[in-house]
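**Student:** Protein chains in written order, with our numbering: chain A, 1 to 300; chain B, 301 to 605; chain C, 606 to 1060.
Honestly, I wouldn't trust all of these hints.
Claimed, not checked - Computed footprint of chain B on chain C, listed as stretches where at least three residues anywhere in the stretch have a Cβ under 8 Å from a Cβ of chain B:
| no. | region |
| --- | --- |
| 1 | 616-624 |
| 2 | 643-657 |
| 3 | 951-964 |
| 4 | 967-981 |
If you are wondering where the hints come from, they were derived from the structure by calculation, not from laboratory data.
Source: prediction; values computed, not measured.
Heads up, the beta-carbon is just placed ideally off N, CA and C, and yes, glycines get one too.
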Amino acid sequence: MAGEAMLRVEHLTMRFGGLVAVNDVSFEVHRGTIAALIGPNGAGKTTVFNCITGFYKPSEGRIALQHGDSSAWQSLDQLTDSGKRERRDANGALFLLERMPDYLVAQRARVARTFQNIRLFSGMTVLENLMVAQHNPLMLASGYTVLGVLGFPGYAVREYEAVEKARGWLERLELVDRADDPAGDLPYGAQRRLEIARAMCTDPVLLCLDEPAAGLNAHESAELNELLLAIRKDFGTTILLIEHDMSVVMEISDHIVVLDYGVKISDGTPEFVRNDPKVIGAYLGVEDDEVAEVEAEVGL
Amino acid sequence: MDVFVQQLINGITLGSIYGLIAIGYTMVFGIIGMVNFAHGDVFMVSAFIALIAFLIVTTWLGITSVALAIFIMLIVSMAFTSLINWAIERVAYRPLRGSFRLAPLISAIGMSIFLSNFVQVTQGPRNKAIPPIIRGEFILSGHDAYTVTLSYKQIIIWGVTAVLLAAFWYLVAKTSLGRAQRACEQDQKMAALVGIDVDRTIAMTFVIAAALAAVAGTMYVMYYGVVSFSDGFVPGVKAFTAAVLGGIGSLPGAVVGGILIGLIETLWSAYFTIDYKDVAAFSVLAITLIFLPQGLFGRPDVEKV
Amino acid sequence: MTASARRERSEVVHALRDAGITALISFGLFLPLVGLLTITNMNNELRLTTRLPLLVIFVALIAGVRLLVTLVIRPWAERRRALSTRKPFSIPRSFSRWFVPFAIGFLVVYPFISLAAVGYSGSLKWIDNFGIQILIYVMLGWGLNIVVGLAGLLDLGYVAFYAVGAYSYGLLASHFGLSFWILLPLAGILSSFWGILLGFPVLRLRGDYLAIVTLAFGEIIRIVLVNWVDLTNGYAGIAAIPRPTFFGIPFNTDDNGFAATFHLTFSPTHRTIFLYYLILGLALLTGYVTTRLRRLPVGRAWEALREDEIACRSLGINTTNTKLTAFAMGAMFAGFAGSFFAARQGFISPESFTFIESATILSIVVLGGMGSQIGVAIAAVAMIGGTEIMRDMDFLKAIFGDTFDPTQYRMLIFGFAMVLIMIWKPRGLIASREPSVFLKERKTISSELVKEGHG
Chain A
1 MAGEAMLRVE HLTMRFGGLV AVNDVSFEVH RGTIAALIGP NGAGKTTVFN
51 CITGFYKPSE GRIALQHGDS SAWQSLDQLT DSGKRERRDA NGALFLLERM
101 PDYLVAQRAR VARTFQNIRL FSGMTVLENL MVAQHNPLML ASGYTVLGVL
151 GFPGYAVREY EAVEKARGWL ERLELVDRAD DPAGDLPYGA QRRLEIARAM
201 CTDPVLLCLD EPAAGLNAHE SAELNELLLA IRKDFGTTIL LIEHDMSVVM
251 EISDHIVVLD YGVKISDGTP EFVRNDPKVI GAYLGVEDDE VAEVEAEVGL
Chain B
301 MDVFVQQLIN GITLGSIYGL IAIGYTMVFG IIGMVNFAHG DVFMVSAFIA
351 LIAFLIVTTW LGITSVALAI FIMLIVSMAF TSLINWAIER VAYRPLRGSF
401 RLAPLISAIG MSIFLSNFVQ VTQGPRNKAI PPIIRGEFIL SGHDAYTVTL
451 SYKQIIIWGV TAVLLAAFWY LVAKTSLGRA QRACEQDQKM AALVGIDVDR
501 TIAMTFVIAA ALAAVAGTMY VMYYGVVSFS DGFVPGVKAF TAAVLGGIGS
551 LPGAVVGGIL IGLIETLWSA YFTIDYKDVA AFSVLAITLI FLPQGLFGRP
601 DVEKV
Chain C
606 MTASARRERS EVVHALRDAG ITALISFGLF LPLVGLLTIT NMNNELRLTT
656 RLPLLVIFVA LIAGVRLLVT LVIRPWAERR RALSTRKPFS IPRSFSRWFV
706 PFAIGFLVVY PFISLAAVGY SGSLKWIDNF GIQILIYVML GWGLNIVVGL
756 AGLLDLGYVA FYAVGAYSYG LLASHFGLSF WILLPLAGIL SSFWGILLGF
806 PVLRLRGDYL AIVTLAFGEI IRIVLVNWVD LTNGYAGIAA IPRPTFFGIP
856 FNTDDNGFAA TFHLTFSPTH RTIFLYYLIL GLALLTGYVT TRLRRLPVGR
906 AWEALREDEI ACRSLGINTT NTKLTAFAMG AMFAGFAGSF FAARQGFISP
956 ESFTFIESAT ILSIVVLGGM GSQIGVAIAA VAMIGGTEIM RDMDFLKAIF
1006 GDTFDPTQYR MLIFGFAMVL IMIWKPRGLI ASREPSVFLK ERKTISSELV
1056 KEGHG
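Just chain A, with the same shape it has in the complex (with noise of 0.2 Å):
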C-alpha cells in the first residue's frame, strides 16, 4: 500500500492567542491507504483536522493535496509562489488547502469530514441527509434553480440518480427501512454511520474521519472497521482519522501520526508506533487534570 503521497501537511502551526494548539506538524499521507492521527486529550488533533478541511486558517504551514498522476507534484512551489490556490493540467490538479474556504475544500478538493460529535440534520430524513451531500451536482443538473423551477425534466432523471446512489449507500449499511425517517431518530451508531455515508455522497479522494468510533460498542467497532475497509477497497478513498479506540486504529491503519501537546511525537506504521518509548510515555505519564486543563486553553 506504498503508493505516492496525496496530502503533505508541512510545518502546520495553529496558535489561539497565546495558546499553540499545533507546533510545527508535518506528515503525509499516502494515496489508498488508512492513516491514523491518535494522542492524548488535547493533542492537537481536531485542529490539525480543522486546519485540513479549512475550517481553520492555519497560522503557519502548508497543506497540499493532489489528485491524479503523482507529477503534479512538482509544481508544487511554483503554486505557492504564484499566490494560487489550484492548479489543474491533464495529469493532475494540486491545491493547497490552507488558501481554501472550508465549503472549497470539499467542493474542489473533494476533501470530505466527518465530526466529533456528530453534525447530521437531525430534522430531515436519512435519505434528506445523502441528498444535501450531492448538492453540487444537483445543483448542476436543476440548472441553478432556474431550469429545476421551470420545470425542465433533465433534473428528475439526475434526481432519481442522486436517490438511487443515497439508496446504495442505505442498503450497504443497512438503513433502507429507516430511509424515511428523522435522521435524529437513528439509533447512535447508525448515526455514526450515517455521517460516514453522508460524507462519501460528496465523491471525496480523502475522508476525514473525527472519532468515528467514540461511543459505539465492541461490535459496532468491528462493523465500522469493515465499513472502512469496504469504502478503500471500493472506492479507492484515502482515509485519515483521528480515533482512541486503539482497537480500530491498530487493526485497520496503515500508517500511525501519533501527537501530544500540539508537537508530532511518532510517525509509522502501528507495529513502530506501538514500541515506541515517547508514545507509551505520552499515553502513561501524563496526569488527568493535567489534559483537562489542556483541553480548557484550546477550547475543545
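For this one, chain A is given, so just place chains B and C on it according to the hints.
**Tutor:** Structure of chains B and C alone, referenced to chain A:
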C-alpha cells in the same frame, strides 16, 4: 470648537440615558440569551410613571423642593416599573424558557406592541408635556455668537447616572445576587444543581433592568419635559445598538456604547442633518456588527467545529 | 368531612389566596397608568384625575381570570394531558390532500359567494378588507417563510423589501407611466437586488444579531423614504398612482371602460374583484414556486442550513450564496406584494412600512409553524382576519357606551394575542415538517427534531 464642546455635553447626557437602558438589554441577553424587545417600551412606561409622579408631587402634594421632587419621581418610577417588568417576565417569558428559540422573541415583540398601545389607550395618544423642573445653567464660555452651557439638568443626569451605576456595579460584582447571575449566565442547569434559584435570579435581573430603565425614564422626562406612548421604540433600538457596540454581556461596554451612540447622534445632528440622525445610529449598529461582532468590550466568539 | 372534601376545600382556599395575591399585584401594576389619568386642561397644563372604578374593574377581572385558571382550566388541562398520548399534532396526509384543492376552490368562488350574499356594495368590504388584505399577508408570510422558516435566518426588516416594491411601482408608474404588468416583475427584481445588497454584508451574523441588523436596515429604508422628500414626497406620500387595468381596459365609467365593454352596470366592486384575483394569482404563484423550490437542491440546502450550517460547509455547500438566494427570493416576493399594494391603494406613504408590519409578518410565520405553508396561510387568516373583524365591532358600543372605540384596542389585543399564542403553541400551529423527497413513504417529521436555525 464651541459647537463641538456643546455637542459633547449634550451627547454625553443623551448617552447616559441610552447607557442606562442598554444595561437592561445586556443583562437580560447575558442571562437568558434573548433580545428583550419590550425593554424600550418598559423605558417609555417608566417615563410615564415618572411624569405621573411629578404631577402628584407638584399638583397634589404641593411640594416645591426640586431635589425632593426628583427623588420621589425616581423612587416611584423605579418601584412601579420594576413590578411591571417582573410581571412581564412572569407572564410572557418564563413559560417560554427552554422552548423554541424564536418564541420568546415573538412574545417580546407582542409585549412591546401591547405596552405602547396600552399606554395609548389608557393615557391617550397625545404628547404629555410638563413645565421644566429645573432651570439654570453654567455658562462655560461665552461669545456673542455662541455660548457653551452646561445646564443643571445635565449635571443632575450625569450625577444620578454615575451614582446609580456605582451602586449597581456593586450589586453585580460584590453580592451573592450578582454571583448567582454570573453563574446563570454560564450554565443555568449547573447553577440550579449547586442550589441557585434560577427563576428568582432571572426575575431579579428583570427587576434590576427595569429599575435602571426607570432611572433613564425619569431623567428623560426631566430633561425633555415631554413623553408620548410611541417614545419607546427608537430609544430602545438605539440602546440595543449601544449594548451591541459595547459588546453584549459587558456592563461597562453598555455604558460606553450608550455614550458613543449619544455622541454620534448629537454630533451628526450638529454637523450634518438632523433628519438622518437615526440612520447614523443604525448604520453604526450595522457596521459594528459586521466588522466587530464582539463589540468593544465583548469576548470574541470562536466558532466551534 | 371526608378526606376528598377536605382536600377540595383546601384547594379552594388556596386558589382564593392565590387570586388575592394576584389582585394585589395587579393593583400595583395598574395603579399608575389605569388608576390615574393625565389630562391637559384649558390652560394647556397637565393635570391628574383618578379613575378608580376602572382600576377596580381591571383588578377584579385579572383576579377572576386567575381564579378561573387555577380552579377550572388548569385541572382540566392536566386531566386532558394525562389522557392524551402526548403525540404532537400533525396534519394527516389525507387532510392536506383535500384541504389544499378545497381551499383554492373556495378562494376562487369567494367573490361570487360574497356578491350573492350581500350584493355589490356590501361585498366591497368582504372582498377588499378580508379577501385582498388577508391574501397580501398570506403572500408576504410565504415569502418570509423562505427566509425564516426554511433557511432559518431571522429577518425583522422584511417590510423594507415590501416598501421597495411599492415605491418602485409608485414612482415608476407615476413618472414614466409604465404599466402594472411591466412594473410587477421589475419591482420584484429591484427588491431582490436590494435583498442581495443588504444581505451580503450581514449574512455572516448569527442569531439575534442578524435580526437586529435587519431591523436597522428596515428602519433606515423607512427613514430615507420619510426624509428624501424630493423623490418620495416624504410623509405626504405618493398619491394618484395609476391603477391597474384589465389588460388595457380601465375600470371607469367611460365608454371604453370595463363595465361598458362587458355590458355591465358600473360598480367600483369590479375593480376590487379584479384586484382580488390578481393577488390570489400572485399568492398562489408564491406558494407554488416555494413548494417547488423546497424539492430542488437549493431548497434542501436552505433547510440543511437551518439544521446545521457547519455540516453544510463540510459538504461543499457555499452557505453565503445559499443564504443570499433565500434572502433574494424572499425579497422578490415582498417586492411583488409591494407593487400590488401600491396598485391597489393608489397611494403609498412611509406609514405603511413601519416595524409593526415586519413584526406582524414574522409573527404570522412563527405562529403558522415555521416552514409550513398551510400553517402560515391559516395564521394569516386568523391574525389579519381577526384584527379586521375588530375594526367593525360597533355593536360593542351598545355595551360599553358611545365613547368606546373598538379600533383603539385592535393593536392592544393583537400584541397580547401574540404573547398568548406563543405560550400556547411556541412552535406554531402546524408543528411538523414534510420531507422533500422520500424512498418509500412520506412521513411527517415532528418539530421536536427540527431545528430552528441560528441566523
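**Student:** Now tell me, hint by hint, if it's right for this structure.
**Tutor:** Evaluated hints:
For the region 616-624 of chain C, the stated coverage by chain B is violated: 0 residues have a C-beta nearer than 8 Å to a C-beta of that chain, whereas at least 3 were required. Only residues whose beta carbon comes within less than 8 Å of a beta carbon in chain B count, and the region 643-657 of chain C has 7; three or more means the coverage holds. Proximity of the region 951-964 of chain C to chain B, defined as three or more residues with a beta carbon under 8 Å from a beta carbon of that chain, is established by the 3 residues found. By the rule of at least three residues with a Cβ nearer than 8 Å to a Cβ of chain B, the coverage given for the region 967-981 of chain C holds, with 5 such residues.
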